[in-house]
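Engineer: Below, each chain spelled out in residue letters.
Protein chains: 2
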Amino acid sequence: MKHAVVLLSGGIDSTTTLAIAIAQGYATYVLSFDYGQRHSLELEAARRVAKSLGAKEHRTVKIDNGIFGGSALTDNVDVPKGRSEKEITAGVPITYVPARNTVFLSYALAWAEVLGTFDIFIGINALDYSGYPDCRPEFITAFENLANLATKSGVEGQRFRIHAPLISLSKGEIIRCGTELGVDFSLTHSCYDPTADGRACGRCDSCQIRRKGFREARLQDPIAYA
Amino acid sequence: MKHAVVLLSGGIDSTTTLAIAIAQGYATYVLSFDYGQRHSLELEAARRVAKSLGAKEHRTVKIDNGIFGGSALTDNVDVPKGRSEKEITAGVPITYVPARNTVFLSYALAWAEVLGTFDIFIGINALDYSGYPDCRPEFITAFENLANLATKSGVEGQRFRIHAPLISLSKGEIIRCGTELGVDFSLTHSCYDPTADGRACGRCDSCQIRRKGFREARLQDPIAYA
Numbered sequence: 098m099k100h101a102v103v104l105l106s107g108g109i110d111s112t113t114t115l116a117i118a119i120a121q122g123y124a125t126y127v128l129s130f131d132y133g134q135r136h137s138l139e140l141e142a143a144r145r146v147a148k149s150l151g152a153k154e155h156r157t158v159k160i161d162n163g164i165f166g167g168s169a170l171t172d173n174v175d176v177p178k179g180r181s182e183k184e185i186t187a188g189v190p191i192t193y194v195p196a197r198n199t200v201f202l203s204y205a206l207a208w209a210e211v212l213g214t215f216d217i218f219i220g221i222n223a224l225d226y227s228g229y230p231d232c233r234p235e236f237i238t239a240f241e242n243l244a245n246l247a248t249k250s251g252v253e254g255q256r257f258r259i260h261a262p263l264i265s266l267s268k269g270e271i272i273r274c275g276t277e278l279g280v281d282f283s284l285t286h287s288c289y290d291p292t293a294d295g296r297a298c299g300r301c302d303s304c305q306i307r308r309k310g311f312r313e314a315r316l317q318d319p320i321a322y323a
Numbered sequence: 098m099k100h101a102v103v104l105l106s107g108g109i110d111s112t113t114t115l116a117i118a119i120a121q122g123y124a125t126y127v128l129s130f131d132y133g134q135r136h137s138l139e140l141e142a143a144r145r146v147a148k149s150l151g152a153k154e155h156r157t158v159k160i161d162n163g164i165f166g167g168s169a170l171t172d173n174v175d176v177p178k179g180r181s182e183k184e185i186t187a188g189v190p191i192t193y194v195p196a197r198n199t200v201f202l203s204y205a206l207a208w209a210e211v212l213g214t215f216d217i218f219i220g221i222n223a224l225d226y227s228g229y230p231d232c233r234p235e236f237i238t239a240f241e242n243l244a245n246l247a248t249k250s251g252v253e254g255q256r257f258r259i260h261a262p263l264i265s266l267s268k269g270e271i272i273r274c275g276t277e278l279g280v281d282f283s284l285t286h287s288c289y290d291p292t293a294d295g296r297a298c299g300r301c302d303s304c305q306i307r308r309k310g311f312r313e314a315r316l317q318d319p320i321a322y323a
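Residue numbers (our numbering), protein chains in the order written: chain W, 98 to 323; chain R, 98 to 323.
Careful, some of the hints might be misleading.
Unchecked claim - In silico contact screen, one side only, chain W against chain R (beta carbon under 7 Å); selected entries: (1) Pro195; (2) Trp208; (3) Ala323.
To be verified - In the DSSO-like style, the derived pairs of lysine-lysine whose C-alpha atoms are separated by at most 27 Å in a straight line are: (4) R:Lys159 / W:Lys153; (5) R:Lys153 / W:Lys159; (6) W:Lys159 / R:Lys99; (7) W:Lys99 / W:Lys178.
Rather than coming from a laboratory, the hints here were simulated on the basis of the structure.
Keep in mind that this is a model prediction, so the values were computed, not measured.
In this text, a Cβ means the ideal position worked out from N, Cα and C, and glycines have one as well.
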């Protein structure tokens, strides 16, 4: 059986990516990160999703020491609400977390090499998250190049492959794809600023992108909003 | 004042690298990692060294979950002893830790971006550690390329620079350089398999490379051997 490491946040994109990896026949080693994100409901969602989809193993790695300061997702900074689509897609968002996907993929690479597997899946998307530098195809290409230079396996002729199956899909297409693969999106979490009882705010950038995606997909979003 | 992030293990190379960064006028933000290495005396050495050389800040980041399994440095595998120079330099050593420098540099990149600094120093060396894929110049070039694609700062036109000032020096040259910069090598730790009372074994690859370096430099190694 083929094996792959899959990064999973517990949102729509990484959940669909995990479903795609499993549908492609991979036994999946799933990796989530506790990096002091304010929306730690993500991690509970990741656990539910990994179990529901039948991941072979799920690890949550703690990233300590506040190394990821400087983002509205980790610091005590207001998450923007009710922004227009133009505002959401202009420039690098304040929810950008410095070098996050680089750190996440580095861990995935380390674990993949330990497991002896060379396929890594990441649910990045260049359309709805165009402001994030580490969600672009050129970032993936650069990391793949690095991975093959940085490792014993790479030197010995193995080729690491970073799979980003959602890179050019719209949110609506991602939701349709996940639905066809049997994903239960009620298990996922997207909101950057949920209420105390765990409901999504409906107005942060992430909620707005999610809701627009379900509208595009002509499907009902199964989660509760505040 | 210029600022830089410097990776510090507490061995000869990273200690000399820190001394070089300081001599070049950088205020230094020093980063060490607790990754379950068997020779945790390294971390004590790193703390002593950072203090002695006058680092501006020193953080030790814990890498959890045994993600770095598969190495004689982290697992319960015998560290090789008494190998010949030919054996030490042939192939990838069993003390190779999967993707270690990739993970370390990713953290350094995240911290650098949070600090608003674009200079990162790493004490890798392509001569004495020729078997480690992530100690080669092409690895550094690939990481620099990645850093500038992966980050908000890179997208906005800043250039991250990964400084590897020791990359083409011999161990003897590194020791002479450090000595000229006032490094107290009695504070450093190199051994992969120290005795219970903290003395270096003298026979692992790292001790052998260190001792050869001091011989080449025609200097006395100030540490105690078993």
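Engineer: Return the numbers of the hints above that this structure violates; sort them in rising order.
Structural biologist: Hints 3, 6 and 7 contradicted; others consistent.
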